Each structure stands twice: as structure tokens, then as C-alpha cells.
Amino acid sequence: MEKPYYTIKEICEKSGFTRRTVRYYISEGLLDPPAGRGRGGFYFDSHLKRLRDIKAFQDQGLKLAVIGEMLKIGKTPPPPREREIWVRHHPAPGFEIHVARDLEQKKRRQVEAILRMARNLLGPKGDTHE
Amino acid sequence: MNDLYGCVTVKEKIVPLMGVRLEGRIVGRAAGFTLYQRFRNVETEPVEAVYRFPLPESAALCGFKAHVADRVITGSVEERDRAFELYDDVLQNGDGGYLLDQERPNVFTLSVGNLNPGQELVVILDYALLLNMEGPRIRLLVPTTIAPRYIPAHMPEQGGIPEAERVNPPFADHVPWGLSMSLRIYGIKKPAAISSPSHPVQLDFFEDHVAVKFCSDSVRMDQDFILTVGPESVCSDRVFHMQMDGRRFLQLDLCCRTPEKGIDASKASPPMPKDTIFVLDCSGSMTGDSMEAARRSLEILLRAMTPERRFNIYRFGSRFERLFSQPQPYGAQTLDDGLAYLSRSQADLGGTEMMAPLKDILEQDEGAALKKDIVLITDGEVANESALFQLMREKGISTRLFAVGIGAAPNEYLVKGLARAGRGAWVFVHPGERIESRVLTLYGKIRSHTLENIKIQWGTSNNGVEQAPVEAEIFENETTTFLARLPPNVSSPKAVSVTARMNGEAIFRKIPVETVESDVAPIPLLWAREMIRDLEEGGGHHNEKGSRQMDRKNGKRRETIISLSRAFKILSQYTSYVALEERAETEKSSSAPSLRPIPVPVAIGWHGMGSLFGGVVRESPDRYDVRFCKGPSRVSEPLDTPIFCRMASSTPSPASPRQRPFMKAPSFPRREEVLLEILSCQKAEGGMEMDKLTAVALSIDFQDLTRLARRIKTEAPVDRFLLLSTAVLLHILEEYFRDQRQQWEQVVCKSREWLSQVVRETRPVLKGKPLVEWVEQTMDTGFLSRKYAILGEVGDWIRRGLRSD
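Line by line, the protein sequences give chains F and B.
Under our numbering, the first sequence has 100 at position 100, and the numbering climbs by one with no breaks.
Under our numbering, the second sequence has 364 at position 364, and the numbering climbs by one with no breaks.
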């Protein structure tokens with residue numbers, strides 16, 4: 001069952017921002033304060049969405065001052081740009097495997113395993129199997 | 001105790017900082033300081049005070065605690081994000097939290113969380129550092145405020161927070177608290193050698209130390225505090241050894257002396273790089289005193305240049321301009337062009353985009369072996385220090401950078417860091433100091449020999465020895481410190497050997513090791529600080545995204561810094577101090593604290609605001625106005641906190657910025673004025689032509705000198721007045737300004753060479769003797785003992801020369 005609320009630790013993990021940054025956004029009015037003033041505090045999906053919107057604007061290259069203005073007037077971030085960066089691998093002659101750059105960094109071990117498998121299947125030894 | 005509290009009228013928030021005090025001990029170059037910051041909450045709800053303040057950029061911040069009532073809460077070093085989480089957790093629980101972050105090596109942010117209504121506490125910071133040597137003098141620089149940093153347009157927002165939020169505090173034209181200070185200086189042989197160009201100080205002499213305080217109880221925190229000590233002793237090599245936790249640490253103070261044994265110091269100065277590029281900061285922050293100082297600095301340097309060199313002048317702000325499209329040969333015409341360009345230069349180019357002009361200079365003739373020197377004159381108020389250091393290291397292989405830091409509160413980290421990255425030197429010119437002599441000292445370094453290719457043998461083997469800095473060059477009459485940690489289970493060597501090169505000649509020294517027990521600035525601490533600095537400046541704050549190899553290298557560098565920081569309990573860019581105060585249930589804060597950022601005074605002279613020399617004070621918009629009100633009495637029982645510092649009890653009554661009285665312009669010794677008059681006579685191609693103003697300064701009758709010149713006989717046509725004037729002025733420098741040789745010697749090299757050449761070619765004779773011999777012999781030796789008596793007596797000497805036919 002999904003939680004309707006998050007602790008500060010959870011909201012940081014889900015949004016990718018540090019606690020310092022979340023607190024800063026609250027102090028600057030970019031994010032609503034948590035519910036339950038005093039000790040402790042809880043965040044909701046609306047907080048998470050706001051943080052994700054900020055992240056999306058930042059990924060577009062916007063500075064925080066501009067992001068603040070956009071959020072005030074109710075703008076939402078545009079979809080990510082179509083242009084992406086891919087890494088090309090050549091496991092064997094005549095074969096290419098393309099991996100999105102961010103995936104290449106996040107899933108390095110899995111990518112390397114796939115490339116090893118491809119070399120095994122498609123390399124000279126691989127040919128003899130067929 | 002003063003009941004006045006400053007109230008920030010913008011948003012009607014009250015400021016909880018009450019006062020700041022600095023105490024310190026100085027033993028030789030080692031200095032240990034304790035900084036006390038006192039807070040009190042006079043409001044009816046809990047507050048979180050956030051105070052951004054400066055420290056000397058080489059300080060090893062090694063202690064952090066909070067003194068609350070009868071409790072002392074000691075801080076520990078944690079990874080930066082983790083430290084914030086710990087701090088935030090205790091605030092959520094209603095307990096007390098104290099957090100100290102390093103934003104830059106010279107900018108720190110203190111957060112005091114859950115300061116309850118009526119509560120008072122003192123935050124205590126300890127730091128140690130090695131003081132800079134300037135020749136035989138020791139110089140202490142303590143910043144008291146942070147001048148606003150310009151944030152370049154494309155600077156990334158690290159962690160999603162704008163850089164301005166990390167380095168710029170809120171500002172106020174004036175604040176009700178001040179800085180009080182007490183220093184003790186030990187081992188001083190000549191008490192008269194202590195002085196401060198920035199503040200009036202009071203010296204009290206005791207058997208084993210001199211106590212230094214401000215003349216008033218406290219001072220405004222709007223400019224650096226500068227203290228110079230010395231000259232105490234000549235430059236000498238020393239090695240100190242200290243042990244800690246089973247490991248041995250060594251500190252080598254290495255000097256570059258002249259004349260070096262085996263080196264012929266009478267040889268011409270080392271060949272200068274062909275190009276000298278002057279870069280003048282014309283951003284808005286330089287308005288007023290700083291711009292005036294910068295123009296004067298640059299004029300001196302221009303006049304001191306030697307012929308057959310090339311030069312150019314860049315001005316920069318939000319954009320940059322340059323005098324010539326390419327460096328031009330130095331001569332009378334180009335000197336005049338340069339001086340005219342300089343006289344038109346104002347602080348009118350907007351922001352401080354320093355990267356663009358430096359890139360333009362470094363990328364010209366890229367790949368060529370042509371060497372150049374960059375002389376940068378700036379207040380350094382930018383936030384992209386690391387990117388600039390990286391640019392110099394990567395692109396400045398055949399370029400050196402010399403930096404002149406101008407103003408009452410320049411960015412020490414930027415100025416020194418750029419000079420380090422550019423293998424050059426730096427000098428700071430406080431408004432209370434004579435610009436010309438400071439800049440001439442730097443010019444001497446530009447032209448001096450250096451001790452280079454320094455290799456240190458720390459005992460029988462260097463295996464496992466960790467040295468910082470890894471490499472450095474040392475300029476003439478300067479001392480540089482190298483620190484080392486020996487591998488485990490290695491005993492301290494009896495001596496350290498150094499090999500180096502100077503002017504192409506090999507140098508060897510063997511220096512005995514002395515064991516010390518100093519707790520003022522422990523060597524292990526200094527070593528760790530230097531290691532961290534080497535790593536931080538080598539990698540930069542803002543690592544660009546790059547290859548995985550670079551990411552791994554940066555990751556390893558980060559881990560090493562964090563490890564050193566935690567082991568030695570000193571701060572770094574990746575670590576923070578955090579102190580956690582668990583409270584009884586009845587003492588916990590009842591609600592989330594309200595944020596109270598503490599404004600700092602605007603640095604005097606910044607952007608033309610205020611002047612140490614008179615001038616219009618401009619009110620700047622977007623500043624907090626401070627008015628004074630009595631705080632509500634919330635204390636139901638007497639506070640039991642020991643008072644570590646006092647309020648600025650003698651703070652002048654608040655006045656509007658327009659009415660603030662100005663400090664009188666500092667008056668400089670007449671002798672200094674005379675020296676500068678003499679140096680200003682130098683012509684571009686060499687030779688020193690006395691003008692009527694200089695003649696007046698020397699009490700010489702200009703007509704007398706002209707008549708004497710006509711009596712010179714020569715074998716070839718020559719400007720006889722210029723010839724006599726040069727010989728006379730050079731002799732006056734030699735005889736009457738020996739103790740300031742370091743300032744003028746390099747500057748007048750070209751005139752000496754000019755005189756030698758002209759004498760060889762024309763063989764001038766005056767009254768039957770070679771001219772130079774006549775000048776030297778005719779001076780009455782009685783003059784030499786009266787150092788300050790040149791005025792009038794030189795004129796008499798000239799008249800006697802005329803009469804002795």
C-alpha cells in the first residue's frame with residue numbers, strides 16, 4: 001500500500017535533492033513547508049511533484065530564480081528535449097549496440113554484462129555455435 | 001552591558017548576533033586564534049541564526065564548540081550532507097544544533113538552531129595558520145567582512161542552490177556590533193617593529209610578549225585587519241619536527257637568498273619573459289579608492305618596464321577591451337599610449353567576468369614557447385575561483401600570473417589561488433598602505449631570480465613521504481614552507497637535504513632538524529591543511545562532467561580530503577563541523593525556529609561606498625537599513641553565561657550613511673614621497689630625467705643643476721642634463737635609500753644599464769674627473785649618517801659643486 005505521506009528522508013531519496021536543498025527551497029517559498037509544524041514534518045505527493053518539476057526545469061538549464069517565477073505563474077516544465085546522448089559499442093564486426101549515456105553510467109555493470117554476452121555470441125567462438 | 005540591539009527594518013526581523021571577539025597568540029610565523037561569536041534571542045519564539053563570515057584563507061579551522069549556560073557542546077567533523085542531516089534532525093526534535101559549513105577556504109556559514117527565547121550562547125572557533133613572510137617581515141591579515149561576490153552568468157547551481165546563496169551574506173551599511181581583539185606576540189626583539197596600516201592599535205609590553213589591542217574597545221567590521229611584525233631576522237632555512245599519534249611531521253622553511261653562494265648576483269637579472277600583459281579589473285566593485293589604487297599600481301609597473309619587451313593592457317568587467325590587438329614593443333610612444341589608456345580607465349565595465357580576458361591572453365600564441373607574465377590587478381570579488389584556477393593550470397603552461405589584491409576587503413582566496421595556479425606571487429594593498437612601495441616589491445619578484453626545480457630529501461628515503469605542496473618556486477628574499485608526513489615507523493632524520501636550481505646554477509643545502517612542541521600552530525595540523533588545499537585546488541570545487549576515469553579520480557580525491565579532514569578535525573569543502581545539544585523535555589523548542597540571517601557590513605570602499613580618504617558616500621539600494629531599538633526584556637532570571645566578549649560598547653552612535661565621518665587620509669613619511677618622486681623620473685628607454693617637481697622635492701635648484709650639466713665634457717653628443725640627472729639620482733638612491741633597495745633596485749635596472757652604456761660611449765668628464773666618479777666623491781660623507789637629511793643638503797651639495805671652480 002502506498003504511503004500518503006513521506007518523511008524528509010524519503011522525500012529526499014525520491015526527489016534526488018539533499019535535505020539541505022529541500023530546506024532551502026522551503027525557506028525561499030519554492031516548496032510548501034511540511035505538515036505538522038513543530039517536531040517532525042510530513043510531505044505529500046504535491047511536495048514530490050513540485051520537487052520533480054524543479055528538477056525538470058533545472059535539467060532544461062534554467063536557473064532557480066527563473067524557475068521560481070515560472071512556478072509562481074503555474075508553468076510546468078516542458079517534456080525533455082528529444083536530443084539525447086548515446087554511446088556506441090562495437091561488440092563484433094558488423095554489430096553495434098547503442099546505450100543512452102545516462103543509462104550507461106547508472107547501469108554500468110549490466111551494460112558490461114550485455115556487451116560480454118554479445119561478444120561471446122557474436123565473436124569468432126560465437127560463429128562456431130551456429 | 002549595552003542594551004541596544006540592531007533591528008533590521010526590512011521585514012522587521014531582529015538580528016540575534018551581539019558581538020565578535022578575536023584572541024590570538026603569535027610565535028614567530030605560527031599563529032593560533034580563537035574567535036568568539038555571541039548570540040542572544042530577544043524574541044518570543046525560537047530562532048535559527050545564520051551568520052556568514054570570513055577567515056584567513058590558509059586557516060586550519062580545528063575547533064568548534066558552543067558555550068551554552070554552564071555546558072560546552074563540542075563539535076565533530078562530518079561529511080557535509082551528513083552533518084546537515086544530523087543538524088536538521090536535532091532541530092526537528094526541538095534540541096539545539098550548531099553547524100559550521102565551509103563555502104570557500106575563506107568563507108564560512110554558521111547556523112545556530114533553536115535558540116530559545118531569552119537564551120544566550122557563545123560559539124567558539126579555533127584556527128591555526130602560518131603567517132606570510134614578506135621578505136623579513138611577518139604579515140597578518142584577518143578579514144572581518146565579506147565583500148559581495150559577483151556570480152558569473154554561466155556558473156552552475158551546485159546541488160540546486162544558487163552560488164550567491166553560498167558565498168554572499170545579506171548586507172547592511174552598518175551594524176551595531178563590532179570586533180574586539182587581543183593578540184599576544186612572543187619572541188619579539190624589537191617592539192617598535194609592530195604596526196598596523198589598517199587600524200590604530202595599542203601595544204603593551206610584558207616580559208615575554210607584546211599585547212596588541214585596538215585603540216578603541218571595538219572596531220567596525222568593514223575592512224581587513226592588517227598587522228606587520230619585523231623585520232625580525234634575516235631569511236634563513238629551518239626544519240622543525242613534531243610527532244603526533246605515532247607519526248612524524250616535518251616543516252621546512254626554505255629561503256631564496258641573494259646572493260646565493262656560487263651565483264654571481266651582479267649579473268643582469270634573469271631574462272624576463274618577452275610579453276607582460278597587464279589585466280585591470282574595471283568592474284563596478286572597484287569604483288572609488290580601489291580604482292584609484294589600481295591605476296597608480298599599473299602606472300608604476302608600466303614605467304618600470306624595460307625596453308625591447310612587449311606589453312599589452314586589458315580592462316575587463318562584463319566584457320573586456322585591450323589597448324592593442326597584439327602585444328607591442330615597449331617604448332616612449334607605447335608607454336604614452338598605455339598611460340593615456342590608463343588615465344581614461346574607470347570602473348565602468350559592469351560585472352567581473354574574469355575568465356574571458358584570461359582565456360584570450362592564454363589562448364593567444366597557444367602552443368608557442370613564448371613565455372609571458374600576466375599582472376592582474378583586482379579586488380577579486382568573484383565566485384568562480386576554482387574555474388579560474390583550473391584555467392591557469394591547464395592553459396598557462398608557459399605563463400606566470402602575478403596578482404595585486406586591492407581594497408579594504410579583497411578576496412584573499414582568489415588572489416592567492418590564482419598566483420599559486422600561475423606559479424607567480426601576490427601582494428595585497430590595503431587602502432592604508434602606500435600602493436607604490438607594495439607594487440614595487442611585487443615588481444621586484446617579477447624580475448627576480450627564483451629557486452626552482454626544488455627537490456627535498458626528507459631523510460634516508462622519500463618512499464612513502466607525503467609532501468605538500470608538491471612543488472613550488474621561491475622568489476628572491478622570500479620564504480616558502482614545505483610540510484611532510486613520514487611513513488609509519490620511520491624515525492625523524494637528523495637533517496633534510498635540498499637540491500634546486502637558480503639562474504641555471506645548481507644549489508645544495510643541508511638543514512638540521514629541530515624538534516618542537518608548539519601548540520600554537522601544530523605541524524600535523526598545518527600539514528593536513530596544506531594537503532587538503534593542494535588536493536582542493538588541484539581538482540577544483542566544480543568538477544566538470546568528464547570521463548569515468550576523471551570521475552573516479554575526483555571520487556578518490558574527495559575521499560582523501562574527507563579522510564584527512566576527519567582524522568585531523570579540520571574543515572574542507574566536503575566536510576562540516578556539527579555540534580548537537582540534547583535538551584531536557586522542558587527546554588526543547590516548542591515550534592520550528594524562524595530563520596534570522598545576520599547581515600554583515602559592506603566593505604568600506606566597495607563600489608565606491610565610503611572611502612578611507614574622503615569622498616562621497618553613496619547609498620546603495622537593496623541593503624538592509626539598521627535602526628536601533630531597545631529589545632523587549634524577556635529574561636526572567638539573570639543569565640549565567642560567562643561573558644567571553646563584550647558588545648561594541650563604544651560603537652559610535654548610529655548615523656545615516658551620508659553623515660558618517662571619514663577617516664583622514666593616511667599621511668606617509670616624507671622620505672617615501674621623495675623615493676617615489678625619484679622613481680617617477682625614469683624614462684621608457686632608461687635614464688632618469690629630473691623635472692622641476694622632483695627638484696623641489698629634493699630641494700635642488702633646477703637652474704643650478706642645468707648650469708652644472710653644461711660643464712660636462714663628452715667625446716660624443718649626448719643629452720648632458722639627462723646624463724647628470726641620472727648619475728645624481730642613482731647615487732641618491734644608493735646612498736639614501738639602501739634600506740628600501742628591494743623596492744627600487746629592479747625598477748631602475750634599465751637606467752643603470754643606460755648610464756653604463758652612455759658613459760662607455762661618450763666618456764663624460766666633469767671638472768677633470770669621470771662624471772660618475774665626480775658625483776660619488778664630491779658628496780660629503782657626513783650626509784650618510786643623516787638618513788633623513790637629504791632634503792636641502794643635496795641642493796647645498798650641488799651649489800658647492802658649482803662654486804668649486
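Hints are computed from structural coordinates only; laboratory data are not their basis.
One or more hints might be untrue.
As the list claims (entries may be wrong) - Not the full set, but computed from the structure, chain F residues with beta-carbon under 8 Å of chain B:
(1) K14
(2) F17
(3) R19
(4) T21
(5) R23
(6) Y24
(7) Q58
(8) Q60
(9) K63
(10) L64
(11) H98
(12) A100
Said to hold, decoys possible - Derived PhoX-like pairs: lysine-lysine, alpha-carbon spacing no greater than 20 Å straight-line:
(13) F:K106 / B:K556
(14) F:K9 / F:K72
(15) B:K713 / B:K683
(16) B:K189 / B:K274
(17) B:K553 / F:K106
(18) F:K72 / F:K14
Since we're looking at a predicted model, the values are computed, not measured.
Where is the CB? At the ideal position from N, CA and C, for every residue including glycine.
Hint by hint, here is what the structure shows:
1. At its closest, the beta carbon of K14 (chain F) sits 15 Å from a beta carbon of chain B; the interface hint therefore is violated under the 8 Å criterion.
2. Nearest Cβ of chain B to the Cβ of F17 (chain F): about 6 Å, under the 8 Å cut. The hint holds.
3. The restraint placing R19 (chain F) at the interface with chain B holds, with a minimum CB-CB distance near 5 Å, inside the 8 Å limit.
4. With its C-beta approaching chain B no nearer than about 5 Å, T21 (chain F) sits inside the 8 Å limit, and its interface hint holds.
5. At its closest, the beta carbon of R23 (chain F) sits 7 Å from a beta carbon of chain B; the interface hint therefore holds under the 8 Å criterion.
6. Using the Cβ-Cβ criterion of 8 Å, the hint placing Y24 (chain F) at the interface with chain B is satisfied: the shortest such distance is roughly 5 Å.
7. With its C-beta approaching chain B no nearer than about 6 Å, Q58 (chain F) sits inside the 8 Å limit, and its interface hint holds.
8. The criterion of a C-beta within 8 Å of any C-beta in chain B is not met by Q60 (chain F), whose closest approach is roughly 13 Å, and the hint is violated.
9. The beta carbon of K63 (chain F) comes within 6 Å of a beta carbon in chain B, closer than 8 Å, and the hint placing it at the interface holds.
10. With its C-beta approaching chain B no nearer than about 5 Å, L64 (chain F) sits inside the 8 Å limit, and its interface hint holds.
11. The beta carbon of H98 (chain F) comes no nearer than 18 Å to any beta carbon in chain B, farther than 8 Å, and the hint placing it at the interface is violated.
12. Here the hint on A100 (chain F) is broken, as its CB sits about 15 Å from the closest CB of chain B, past 8 Å.
13. A C-alpha spacing of about 19 Å is found between K106 (chain F) and K556 (chain B), which places the hinted pair at or below 20 Å, so the restraint holds.
14. Straight-line distance between C-alpha atoms of K9 (chain F) and K72 (chain F) comes to about 26 Å, which puts the hinted pair past the 20 Å bound.
15. With a CA separation close to 23 Å, the supplied pair K713 (chain B) and K683 (chain B) exceeds the 20 Å bound.
16. Only pairs whose Cα atoms come within 20 Å are accepted, and K189 (chain B) paired with K274 (chain B) is rejected, the gap being roughly 44 Å.
17. Annotation: proposed proximity of K553 (chain B) to K106 (chain F) holds, straight-line Cα distance about 18 Å (limit 20 Å).
18. Distance restraint check for K72 (chain F) and K14 (chain F): the Cα-Cα separation of roughly 23 Å exceeds the 20 Å cut-off, and the hinted pair is therefore not satisfied.
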